[in-house]
Amino acid sequence: MRRRDDMTFPPEEYERRIDELRQRMQQRLLDAVVITDPENLMYLTDYQTTGYSFFQALVVPLESEPFMITRQMEESNVIERTWVEITRPYPDTGDAIQQLVTTLKEFRLDTKSVGYERNSYFFPAYQQDRIHTSFRSGHLVDCFGIVEQGRVRKSAYEIDVMRRAARATEAGMRAGLAAIAPGATENDVAAEIARGMFTAGGEYPAVMPYVTSGPRTMIGHATWEGRELQSGDAVFLEVGGCYRRYHTAMMRTALLYDMTPAMAHAQERMKTALRELRAALRPGLTVSDADSIVRTIISDNSVGAELVTRAGYSIGIAFPPSWDEGYILSLMPGGYTVLEEGMTFHVIPWMWGVEGTRTVGISDTIRITDSGCESFFELDEDFTVVGAGEAGDALGPRAV
170 MRRRDDMTFP PEEYERRIDE LRQRMQQRLL DAVVITDPEN LMYLTDYQTT
220 GYSFFQALVV PLESEPFMIT RQMEESNVIE RTWVEITRPY PDTGDAIQQL
270 VTTLKEFRLD TKSVGYERNS YFFPAYQQDR IHTSFRSGHL VDCFGIVEQG
320 RVRKSAYEID VMRRAARATE AGMRAGLAAI APGATENDVA AEIARGMFTA
370 GGEYPAVMPY VTSGPRTMIG HATWEGRELQ SGDAVFLEVG GCYRRYHTAM
420 MRTALLYDMT PAMAHAQERM KTALRELRAA LRPGLTVSDA DSIVRTIISD
470 NSVGAELVTR AGYSIGIAFP PSWDEGYILS LMPGGYTVLE EGMTFHVIPW
520 MWGVEGTRTV GISDTIRITD SGCESFFELD EDFTVVGAGE AGDALGPRAV
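For the sequence shown, the numbering used here assigns the number 170 to the initial residue and increments by one for each residue that follows.
Since the hints were derived computationally from the structure, they do not count as laboratory data. All of these numbers come straight from a predicted model, not from anything done at the bench. Treat the hints loosely; a few may be bogus.
Unchecked claim - Subject to a maximum C-alpha distance of 16 Å in a straight line, what follows is the list of computed EDC-like cross-link-like pairs (lysine to aspartate or glutamate): (1) Lys440 - Asp551; (2) Lys440 - Asp549; (3) Lys440 - Asp469; (4) Lys274 - Asp200; (5) Lys281 - Asp200; (6) Lys440 - Glu550; (7) Lys274 - Glu234; (8) Lys281 - Asp311; (9) Lys281 - Glu232; (10) Lys440 - Glu547.
Could you build the full structure based on these sequences and the hints that come with them?
Below, the structure is given as structure tokens:
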């Protein structure tokens, strides 16, 4: 392992991560693991590239030095970004899986018990079939989750990086809210969010911001499509800021009309859910307990809205297509996982279908502390109200 001072974290942080991974490997009786998930590669080595759709793997033996298999073009990312000293790249005219199998044999792992991430997005079935066909003398087992066990609790170093991501998130959201006015387009708002995030030091996020207005707020996971904002619209924004692949996220809502009783009620329900949840979150609470707090409060509404999703999910390292770590841990009914210090969540008490026609949201990214929780944000949670006559007003939008 090369010790270097130009990585996201100091060398001892990566040494700890590898040491803890090897402890879990011993518990599972594994001689080596083949790690292909982009987020796990980043977590263990600081390796990142936008070319992760090509096969790439970190092989961590129980005792000897780890090595990487990457596309030849990507080897520069190993050399320039990571502590890994041994690489075996394959050319575009070569065979990635054959390179992996050959290298396992080179390092005398071809007769060993080797784990691989069967659920990795970027280790498709046809490649998994080929390694099973070629790896005949050893034993392959699914080790999905073996790295994620370490990722679910963030270290103090990771929390500091997430704070930088939070600054980008807040800057993007502030810029987006300030751009909302009758006559502006969803594209205008999205452009300002991107400018705000990136000028605040943010990097490309795993998902670009969600920007919907008017009837489009009822479309799940939709984002800007050029629609012109009109008086009477609700505007839903969800922004995930990123720094060194770590993310934080938040939802906010703007109204292009005066606050109505229905919207005031929706705002109160979501703020109450966040307040009650933050008061209860602590080590020892289960994920289903946390979900129940949010779900009970949001469900008790008089405007016909629903919470149609889980109440939150783990958040941290992410590459496209998603900024969440919900596949590791989510706040949802029926879960018995106990919260621990260092876990981080995007909590989402949003309301789908207020009076049947509008979706609104207020959300937070929090970390579990030794005795409670803390938010990464300072931005006001109230809806931003921009009256039709306020377009171009030098004072900008006002919070209610």
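Evaluation of the provided hints:
1. Lys440 - Asp551: Judged against 16 Å, a Cα distance of about 8 Å means the pair holds.
2. Lys440 - Asp549: holds, 11 Å
3. Lys440 - Asp469: At roughly 13 Å apart (the allowed maximum being 16 Å), aspartate 469 and lysine 440 satisfy the hint.
4. Lys274 - Asp200: Answer holds: lysine 274 to aspartate 200 is near 13 Å, not above 16 Å.
5. Lys281 - Asp200: holds, 6 Å
6. Lys440 - Glu550: Answer holds: lysine 440 to glutamate 550 is near 7 Å, not above 16 Å.
7. Lys274 - Glu234: The hint holds at about 14 Å.
8. Lys281 - Asp311: holds, 14 Å
9. Lys281 - Glu232: Holds, because 13 Å separates the two Cα atoms, which is no more than 16 Å.
10. Lys440 - Glu547: Satisfied, since the Cα-Cα distance of roughly 14 Å is no more than 16 Å.
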